[in-house]
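From just these sequences and the hints, can you work out the full model?
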Amino acid sequence: MKILVIAEHDNLSLKPATLSTVTAALAIGQPVDVLVAGAACASVANAAAAVAGVSRVLVADHPAHAAQLAESIAALVAEIGTQYTHILAAATTTGKNLLPRVAALLDVAQISEIVAVKSADTFVRPIYAGNALATVQSDDPVKVITVRTTAFAEAASAGNAAAVEPLNVVKEQALSAFVGQQLSTSERPELTAASVVISGGRGMQSGENFVLIEKVADKLGAAIGASRAAVDAGFVPNDMQVGQTGKIVAPELYIAVGISGAIQHLAGMKDSKVIVAINKDAEAPIFQVADYGLVDDLFKVLPELAEKL
Amino acid sequence: MKILVAVKRVVDANVKVRVKADNSGVDLTNAKMAINPFCEIAVEEAIRLKEKGQADEVIVVSIGDKACHEQIRTALALGADRGIHVEAQDGLQPLAVAKLLHAIVQRESIDLVLVGKQSIDSDNNQVAQMLAALGGMPQGTFACGVEVQDGKLKVVREIDGGEQTILLSLPAVVSTDLRLNEPRYASLPNIMKAKKKPIDSLTPADLGVSVAARLRTVSVEPPPERSAGIKVASVDELITRLKTEAKVI
Ligand SMILES: Cc1cc2nc3c(=O)[nH]c(=O)nc-3n(C[C@H](O)[C@H](O)[C@H](O)COP(=O)(O)OP(=O)(O)OC[C@H]3O[C@@H](n4cnc5c(N)ncnc54)[C@H](O)[C@@H]3O)c2cc1C
Ligand SMILES: Nc1ncnc2c1ncn2[C@@H]1O[C@H](COP(=O)(O)O)[C@@H](O)[C@H]1O
Chain A
1 MKILVIAEHD NLSLKPATLS TVTAALAIGQ PVDVLVAGAA CASVANAAAA
51 VAGVSRVLVA DHPAHAAQLA ESIAALVAEI GTQYTHILAA ATTTGKNLLP
101 RVAALLDVAQ ISEIVAVKSA DTFVRPIYAG NALATVQSDD PVKVITVRTT
151 AFAEAASAGN AAAVEPLNVV KEQALSAFVG QQLSTSERPE LTAASVVISG
201 GRGMQSGENF VLIEKVADKL GAAIGASRAA VDAGFVPNDM QVGQTGKIVA
251 PELYIAVGIS GAIQHLAGMK DSKVIVAINK DAEAPIFQVA DYGLVDDLFK
301 VLPELAEKL
Chain B
1 MKILVAVKRV VDANVKVRVK ADNSGVDLTN AKMAINPFCE IAVEEAIRLK
51 EKGQADEVIV VSIGDKACHE QIRTALALGA DRGIHVEAQD GLQPLAVAKL
101 LHAIVQRESI DLVLVGKQSI DSDNNQVAQM LAALGGMPQG TFACGVEVQD
151 GKLKVVREID GGEQTILLSL PAVVSTDLRL NEPRYASLPN IMKAKKKPID
201 SLTPADLGVS VAARLRTVSV EPPPERSAGI KVASVDELIT RLKTEAKVI
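Chains as they are written, first to last, in the working numbering: chain A, 1 to 309; chain B, 1 to 249.
Derived DSSO-like pairs: lysine-lysine, alpha-carbon spacing no greater than 27 angstroms straight-line:
#  : chain 1 : residue 1 : chain 2 : residue 2
1  : A       : K280      : B       : K231
2  : A       : K300      : B       : K247
3  : A       : K273      : B       : K231
4  : B       : K243      : A       : K270
5  : B       : K16       : A       : K270
6  : A       : K308      : B       : K243
7  : B       : K231      : A       : K308
8  : A       : K280      : B       : K247
9  : A       : K270      : B       : K20
10 : B       : K195      : B       : K52
11 : A       : K219      : B       : K247
12 : B       : K247      : A       : K270
13 : B       : K231      : A       : K215
14 : B       : K243      : A       : K219
15 : B       : K247      : A       : K273
16 : B       : K152      : A       : K171
17 : A       : K273      : B       : K243
18 : B       : K32       : B       : K196
19 : B       : K243      : A       : K300
20 : A       : K171      : B       : K154
21 : B       : K231      : B       : K16
22 : A       : K118      : B       : K20
23 : A       : K215      : B       : K243
24 : B       : K16       : A       : K273
25 : B       : K247      : A       : K215
Since the hints were made in silico from the structure, they are not lab data. Please read all numbers here as calculations on a predicted model, not as lab measurements.
Below you can see the structure in the form of structure tokens.
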């Protein structure tokens, strides 16, 4: 057994998603190597070397990897991948973009968004928007897997001193070029890592009204999410969407405000520990999964909550 | 430019599926079936590129049993020019689907492949990336903007932190996200016209592709059920219960 974890990072810091992926890798076996492919990413490599359970950090530091374009990194991972029995990445947009490409280059299947490890070749993954859990077994020589990070605790980020080795393989592909990006900046905790999340839906009526949610979030130190309807209507940016096709969250406390509770939204939040629903329609399906339901007008409830918390 | 769009026949997005008693899979008996919503968006984008004069032909392909003809006809009614049905068992795995599409891309000299980002049944999110790898093509996944520019393709992608813009050489593969466009409805005259559009039938053997499964489904279980909790009467009660009972604030 030999496992490779692809680090999730922005060339400066190692993302917590990697820590959950390392935990999933250790549940499969050892040793666990981490690949940091990036540009001027030495600080990420050092952070990866400190993660508990990591044996070795491979660093592919090259301008071609600056924007994490899948074409070049997949070629690199496929090249070194045959030395491994398992290749894992977090099921983030970066991991989902990369790993199927790696798997096809290796002519093996890819297993998406595992939530449990049964054994070295058998894994559990949600299908049909989480309405079923499939246990799947692979005979492929290399198992290529993305990991649902909310299902695995974060490995300790300090205390280890794994060897850091430069990797002098570059497989630059001139197929795609990075033009630019618009990243949302927020002082709030990251949606998928926050212990409290408060989300607004179509019931919020406008982007301006999200101020009401922000005031409650300030009191709770919460991250802010949204339903697809709220994102489609342009109230808030797409990276706030929670659900089957948005982000998966599992905080200690999830508060759904003006959200009806469609299957696709539930898929993204029903593993939260405690769910609160605020909705003026007592029949809204969200109440079927809520631990605490408050049937009332959100425009009355949110200011009161902000004041009393 | 010649565009290939892949459409998958899946259970309708509004159906809440149930796991079969013998845990062999989910029960789809009599369930309403539809084009995977992301594939509808892919079809719409292809038709818009054709309407803008940037595409000459839009070919739609579906892989599965005979019932897929329904989804191919729907795409033809929306404006695709012709269809290809690859007759195979339902539920082929993404690598097999990608290999079949790759064979069609080569046969038809396709310049742009549009697929959905994710099947809403198997929730894989793999085919675009795999097809791009097999063809040595660039990939623009989770697209919310697509534009042809001087023989290249500018793609805006929805990523976890926001949006990213990349430039791809052609041929390329694009997978569509929900906000790329809003699909139109088929008009009655177009539904009639679509009945006359050709649909070719092929088998994996015709395309020289082995579709053997790489993963075996051991069992399918229902997820742990959440039960409805209680209704609180006021904001005060909610805060008290969150503090003293749930202890989450
Ligand atoms: C392929 C596909 C993928 C999808 N992926 C996702 C996904 O990832 N995430 C997601 O969220 N959705 C997703 N959806 C959409 C999903 O099906 C629903 O359409 C969406 O979740 C509805 O959002 P909503 O609950 O905000 O809006 P609605 O269903 O319109 O609900 C609004 C709610 O607000 C309540 N309300 C209105 N005014 C007030 C008020 N003043 N006070 C209190 N309550 C009020 C109403 O009673 C209602 O229950 C997807 C759909 C498809 C087809
Ligand atoms: N059986 C199929 N027939 C046609 N297209 C498919 C099929 N399976 C997957 N696809 C395409 O690949 C996309 C992504 O699917 P997946 O990788 O399975 O989530 C779908 O939205 C379709 O465009």
